[in-house]
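Those sequence lines, one after another, are chains A and B. FYI, the numbering for the first sequence is 1 to 565, going by the numbering used here. FYI, the numbering for the second sequence is 1 to 432, going by the numbering used here.
Note that these hints are calculated values from the structure, not bench results. Keep in mind it's a predicted model, so treat the numbers as computed, not measured. Where hints are given, some of them may not hold.
[As the list claims (entries may be wrong)] These stretches of chain B come out as covered by chain A in the derived footprint (C-beta under 8 Å, 3 or more residues):
no.: 1; stretch: 28–36
no.: 2; stretch: 333–343
no.: 3; stretch: 346–353
Just so it is clear, CB atoms sit at the ideal spot from N, CA and C, and this is done for glycine as well.
Residue-level listing of the chains:
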Amino acid sequence: MTLNRSLASVNTPEAVIPPAIVQTPITPVGAVTDSKLKRLLHFLLRWETLLVIAILAIAGAAHGINMFHFPYFEDDEGTYLSQAWAVVNQGRLAYYTYWYDHAPVGWFQIALWTLLTGGSHTFGSPLYSGRVLMLIMQIGATWMLYAIARKISGNVLIALVVALLFALSPYGIYYHRRVLLDNITTFTMLLSILLLVSKRLSLKRVWLSALAFSIAVLSKEITVFITPALLYLVFSQTDKSHRWLATLGWAVLFASLVSLYPLMAIINNELFPSGTWLGGNAPHVSLLQGVLYQASRGHDGGILNPNSEFWIMTRYWLQDDPVLVFFGTCAAILSVLLIKKYRVVGIMGLCSLCFWLYFLHGGEVIVFYLVPLLPLLALNLGLVLGILAENMGNFLQRVFSLQAKFARVLQSAIFLLCLMAIVIPLYSPAFNLGYRSSDVGDRNNPFIDWNGTQADAQMMAIQWVEEHIPANSRIVIDQSMWPDLHDSGHKYVHYYWKVETDPAIRNAIFHNNWRNIDYVVTSPQMTIDAKESDMRLVQSIIDHSTIIVSFDTGGWPMRVRKVNK
Amino acid sequence: MDTLALVILLVSLVFFLQSMISVGLMLYTWEHPERMQASKAPSTFLPARLSFTVLLPARHEEAVIYQTIQRVWRANYPPDLLEIMVICHADDSGTIAEAERAIRATGSQQIHVATFSQPPINKPHGLNVGLQRTANQVVTIFDAEDDIDPDIFNMINTVMLTEGVGIVQAGVQLMNFSDHWFSIHNCMEYFFWFKSRLHFHAKVGMIPLGGNTIFVRRDLLERVGGWDNQCLTEDADIGLRLSELGEPIRVVYDARHVTREETPNTVASFVRQRTRWNQGFLQVLWKGAWRGLPKLSQRLLAFYTLSYPYFQAILLLLWPFTIANMLLLKEPVMVTMISFLPLYALWLQFALTVMGAFMFTREYKLRFTIFDLLGMTITFLPYQWLLALSATRSVYRHLNGHNNWEKTTHVGAHRQAEPALNPLTGPLQAQP
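Could you put together the complete structure from these sequences and hints?
Given below as structure tokens:
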């Protein structure tokens with residue numbers, strides 16, 4: 001055996017290592033070596049935690065206090081709760097035939113919530129349980145919005161203002177309470193943005209963001225419009241070494257996850273409409289039909305037509321939250337103009353403008369479409385005011401040769417002054433805006449969110465029906481009554497839209513004849529829809545009935561009517 | 001839920017998980033920029049200090065051995081620190097003659113040909129023979145068709161000295177991606193393997209080493225007792241035994257310093273090569289040495305890596321089964337959807353491989369045309385079937401005890417006309 005020299009003899013001190021080769025360990029951002037500075041940082045971090053808890057408490061209180069009594073329960077809330085019920089109890093996507101109006105991931109989350117809280121009656125009515133979920137999502141969304149603003153601006157004051165603008169928005173408090181898919185989608189949408197705004201992105205976060213965003217889109221499709229902006233965000237936030245991989249990977253992962261929805265339709269043979277070559281001849285619902293239906297609703301010229309739904313809704317929105325809708329949108333436009341210098345701020349502006357572009361293109365615009373846009377507008381406003389304050393502050397500091405440490409105070413002062421200049425005039429009693437708007441508030445009672453009792457009439461009607469009407473009666477209802485009535489044994493209650501338009505209900509059960517119905521409980525929504533949408537069967541049911549009891553605790557009267565056979 | 005549904009569910013989930021782990025491993029290096037940086041080679045070199053033994057096992061390599069010896073000899077490293085040993089079986093007169101011709105041409109005292117005549121006639125036996133007859137500090141292996149980088153020894157010298165590691169696996173890359181329909185996929189396998197997956201293995205401490213461009217300190221090799229003469233993948237096997245030592249292992253992938261190789265030149269030879277690798281893995285799996293690895297994570301990774309042939313053999317049988325399931329059997333929607341998950345994983349693998357092709361061609365300054373992309377798309381699934389075929393063949397051979405070494409022929413397809421081959425490291429020294 002020959003010589004067996006090992007490496008040990010080689011590692012003598014004289015083996016000089018040139019500095020270029022040794023990989024200097026990368027010091028984490030903000031690494032501090034001075035212990036006094038470390039303690040100060042520690043204290044500040046603790047202080048900020050308390051602040052965040054305070055913000056969340058405010059958000060929780062503003063949303064949560066009186067949330068079971070105001071606003072009234074909309075029929076959509078009953079629909080989503082009934083669909084969640086069907087998922088849990090029947091293993092089906094919906095109680096009525098699922099017609100691909102929305103992807104089901106939104107009510108999957110409600111179903112999950114029901115399972116986690118031990119059933120839908122843990123808080124009383126399932127409607128209450130749904131609203132508690134909305135409260136939790138709202139608190140979560142507020143926290144995420146704070147974190148997003150904090151990461152982008154690096155400034156606690158800006159983040160605080162953004163979070164409060166969102167949490168205390170008059171439009172927000174009104175609509176966030178309702179069990180709407182829009183609230184559910186906002187939660188995961190904000191999560192997907194939050195995951196992308198940290199400064200040193202890892203691939204894992206990019207994938208998680210794509211996952212969160214696909215959940216958002218499958219909860220309510222409207223969020224899909226910010227996809228280009230998010231792709232740009234991935235591209236701009238990732239390091240050159242993995243930029244294309246991250247961006248294309250995000251797109252591929254997102255598309256793959258969303259494709260599970262059409263895959264499900266294919267497996268059910270419900271992708272193509274019946275009557276087509278690929279769809280077969282048996283009558284069935286189809287995904288494509290659902291999509292085409294949504295795309296075809298209400299084309300009316302959009303921004304170019306002063307009487308379009310876009311303008312009607314925008315006028316309402318300007319009344320409901322003038323600060324965010326007007327100034328937030330201006331901020332969004334300004335952000336995009338500043339995108340070269342403030343990249344991420346600009347991308348957040350792009351997200352808002354993506355939503356606006358969809359609204360103004362001339363399709364249907366429903367009043368709660370603003371929900372996912374609202375936090376983005378708050379973000380835009382806060383960030384842009386911060387940029388303005390920073391620049392103005394720096395300018396004044398140079399002009400008046402002030403010391404550096406006053407710069408921050410000056411900037412904060414300018415920021416707050418601008419904010420107050422916007423908010424205070426708009427909410428003065430002279431204008432009927434925000435809490436005083438006729439739409440989401442009350443001219444004479446700006447605290448109606450917290451003392452209104454509008455929804456009580458619905459609970460009273462439900463209770464009355466449970467106590468006085470036999471369980472096997474056939475009742476036509478507004479769907480918000482369904483979760484309670486169905487669970488209490490009334491198996492023959494049906495939603496008026498299904499009674500009118502679903503052959504499985506209209507023909508198979510009621511044989512297209514008003515005499516086969518025993519009672520009808522009308523809500524203002526039902527009576528309006530019956531007239532405006534020419535619902536002949538439902539109208540005939542109402543016409544052939546008399547009121548036996550009526551409940552009205554705040555402008556949403558519920559009338560129990562008995563059909564005269 | 002009936003039994004069939006349950007079986008479909010479990011099988012689908014297992015394969016989905018297994019494929020997603022594979023996708024995750026392919027992405028490992030790109031996770032953060034720091035990790036990418038750490039996977040590369042140093043940019044400047046230390047003065048040469050370590051001595052290297054180069055083992056060149058060769059069998060029927062008359063076409064390529066001459067050039068290979070020349071290239072190793074012309075590496076940018078002090079000749080007195082390099083020792084080259086070509087190892088052939090005694091009856092391989094053609095290769096021996098070419099090797100001796102090369103030695104005469106260089107006029108060096110440091111290059112020798114060693115022969116052996118005992119069975120088994122395979123690579124590990126040759127390597128053990130070469131190991132015994134040489135003496136330098138760091139042992140490395142090159143294959144007869146390899147195109148090594150002239151600075152490879154400088155690079156390894158630097159890495160070993162600065163980082164104090166005794167085991168370094170440097171990158172091997174197949175280059176002829178447009179020669180055959182399967183070449184691009186083969187190249188991509190190597191790309192992801194050496195650029196990403198091996199680095200994860202090194203981090204966990206369980207690594208199947210490559211068959212060449214591997215640099216190991218002599219004392220470590222002696223400690224594990226050299227290579228296993230009976231094993232078809234002696235490299236994976238020795239990698240496992242070296243992992244057990246608990247020594248740190250460094251993997252370096254740098255486009256400037258990779259060893260360039262060629263893909264097998266026919267489908268048949270590809271299948272034979274792949275069968276050998278799969279069968280070797282199964283041999284190492286059943287040998288059980290991996291159970292001696294200290295940490296659970298290492299044992300799990302070893303099991304996952306070595307049992308891959310079984311998975312691959314069954315994986316693509318799932319494909320027609322899933323389609324048939326959807327069209328014919330009427331399982332609950334949820335079960336059917338889950339049975340599609342392995343296909344999704346396969347799709348993600350495809351997307352990642354395509355992105356890899358762009359990264360690869362950009363890194364090596366090659367052209368990747370739209371036709372290349374189309375070809376790659378069309379041949380992706382056939383390639384998977386080819387892998388599955390090889391895996392099935394390996395399982396069959398393993399069960400029936402056919403352990404002979406099916407040799408791959410090399411024609412030097414990736415070598416171009418002299419002089420310049422490696423555009424990244426500049427022209428080679430003048431030819432004689």
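We went through each hint and held it up to the structure:
1. 28–36: holds (count 6)
2. 333–343: holds (count 4)
3. 346–353: holds (count 4)
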